[in-house]
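With the sequences and hints as input, model every part of the structure.
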Amino acid sequence: MSKISIKRLSLYYDSCQALKDISLDVESGEILAVIGPANSGKSSLLRALNRLYEIDRASIEGDIRLDNESIFRLPINVLRRRIGIIFATPVVLPGSIRKNISYGPRLHRKLSKSDVDELVERALKSANLWDEVKERLAESASFLSGGQQQRLCIARTLAMRPEVIMMDEPCSGLDPISTAKIEATMLELKKEYTFILVTNNTKQAARVSDRTAFFYLGELIEIGSTQRLFTSPVDRRTDDYIRGKFG
Amino acid sequence: MTFRIGPRTSQIIFYVILLTMTAIVVIVLFFIIFYVLRNGVDQLTLEFLSDKTREMGKEGGILPSILGTLFITVVATVIATPLGVGSAVYLVEYTRAGPIRRIISFGADCLAGVPSIIFGLFGFIFFVISMNLGWSILSGGLTLAVMILPTIIRTSEEAIKSVPHTYREISYSLGGGKLDTILRVVIPTALPGILTGVILGIGRAVGETAAVIFTAGSSLGLPTSIFSSTRTLAVHFYILAREGISMPKAYGTAAVLIIIILAINFIAYRLMHRFIARYY
Ligand SMILES: Nc1ncnc2c1ncn2[C@@H]1O[C@H](COP(=O)(O)OP(=O)(O)OP(=O)(O)O)[C@@H](O)[C@H]1O
Ligand SMILES: [Mg+2]
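First to last, the sequence lines map onto chains A and B.
In this text, residue positions in the first sequence follow the numbering used here: the first is 695, and each later residue adds one.
In this text, residue positions in the second sequence follow the numbering used here: the first is 18, and each later residue adds one.
Calculated directly from the structure, the hints in this document are not laboratory data.
Any given hint could turn out to be false.
Partner residues are not named here, just some residues of chain A that face chain B (Cβ under 7 Å, in silico) [unchecked claim]:
no.: 1; residue: V785
no.: 2; residue: P788
no.: 3; residue: G798
no.: 4; residue: V827
no.: 5; residue: L883
A virtual CB, placed ideally from N, CA and C, is assigned to each residue, including glycine.
And the structure:
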């Protein structure tokens, strides 16, 4: 059984249709890369999966299932705890590193100081940030570098112990070293989590993902094992895109 | 041959003009403070601060007026702050940007510009007479609350609006509800701005004369409850000076009032900086 199963999904903003009749499964424990040129609906897909589109006042048709249960039946806070999201631009909340990480868990249950200590350490270690910040957990998170902030955002999401982690171009503003750190983190975490990675960087998709889906103008053009999709794409548009002919 | 000013010279001229303007403002401000303090300083004794007022203010101290000012300001702030911040949160977070929100904001702006004597008249008719609260700390506090409410609403509204949308998005994406997001992210982030509004409001309330003279009266007794009539420092100063009771005592009162206002601003400023240093 698939972790996430999307059936005939369409998503509309006011007048514009951002996703057109998408059907697609995400398997447990895989890294699924989603690639495609600008405006192809990649971010909209992620925002559909955790129902974040609702704050954009978009509307949806079709069904999405998480562990074979419709996400529209789940309480929204439970859904968003189970499916975490990392955005392209790291946004740290005002307050300390520690406070940033405990923000999510604190929404869901009461935590003692030692619970928080433990959870902060575990999340930061998983996000490969612990060694760099362990001395200054009480300091404001806004003094971290861009790459560190993005790893802090990953730690903040990990602290919720989600099942699926969605990343929307998580390395778009980062240098190669920070990018490599984040990719390494993903590969380590793959054992425990399912990843959906939206990326503008086809090389990154090729490096880390198991399968790749190619979107174009709101349609799912092609999906398959990354190896296969990058070596022998079926659709001409996929071929053009991965050769850098447009987008 | 034409006379031309080079870019460097015009920069300097512009700089000098701005500097002069700033200097004028600062000098006028300091002159007022200095003048009042110099005239009032020899009155500033412990007795003056802790004595009852005697012979209409010719003798004795100003303790009743200090207490009256304090109580009225506290009543006004305690009532106006939650109302103002609550309204601002409602306006920004629960209504869509559009004509209704603009009309309310415009109304608040207009109210903020209404002369305080109009609020005094309103307070007299509504709180003192209609609600039968009489001349009292409560009537005065309520009137001042109405008067400073628009300031608090508008500054809080701006502060809340300037909280980045992405903060809210992060909170929602971590499973936060609307209320969690408002209480844990939006209000803490907007707090310095909100406090600025509250402090401006307090400053206005402490120094207010016209609005309280009609609603709190001018009794010189020590206030015993919120239903006591009282005379605030500003009113006391006004009466002492206008009726020629005692100019030295009037300046003494003015000096105390100015010191209180400076102290409030100073403390608030320090608190805010400590807060910002801690959280940003
Ligand atoms: N909040 C919104 N309101 C209205 N239209 C939107 C909104 N967000 C996205 N759209 C539209 O939906 C379409 C798909 O956008 P989406 O952000 O999903 O694309 P994307 O593939 O993530 O693009 P990019 O690579 O530039 O991030 C676009 O045409 C966009 O203009
Ligand atoms: Mg996008």
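>> Check the structure against each numbered hint from earlier and tell me which ones fail, lowest number first.
In response: 4, 5
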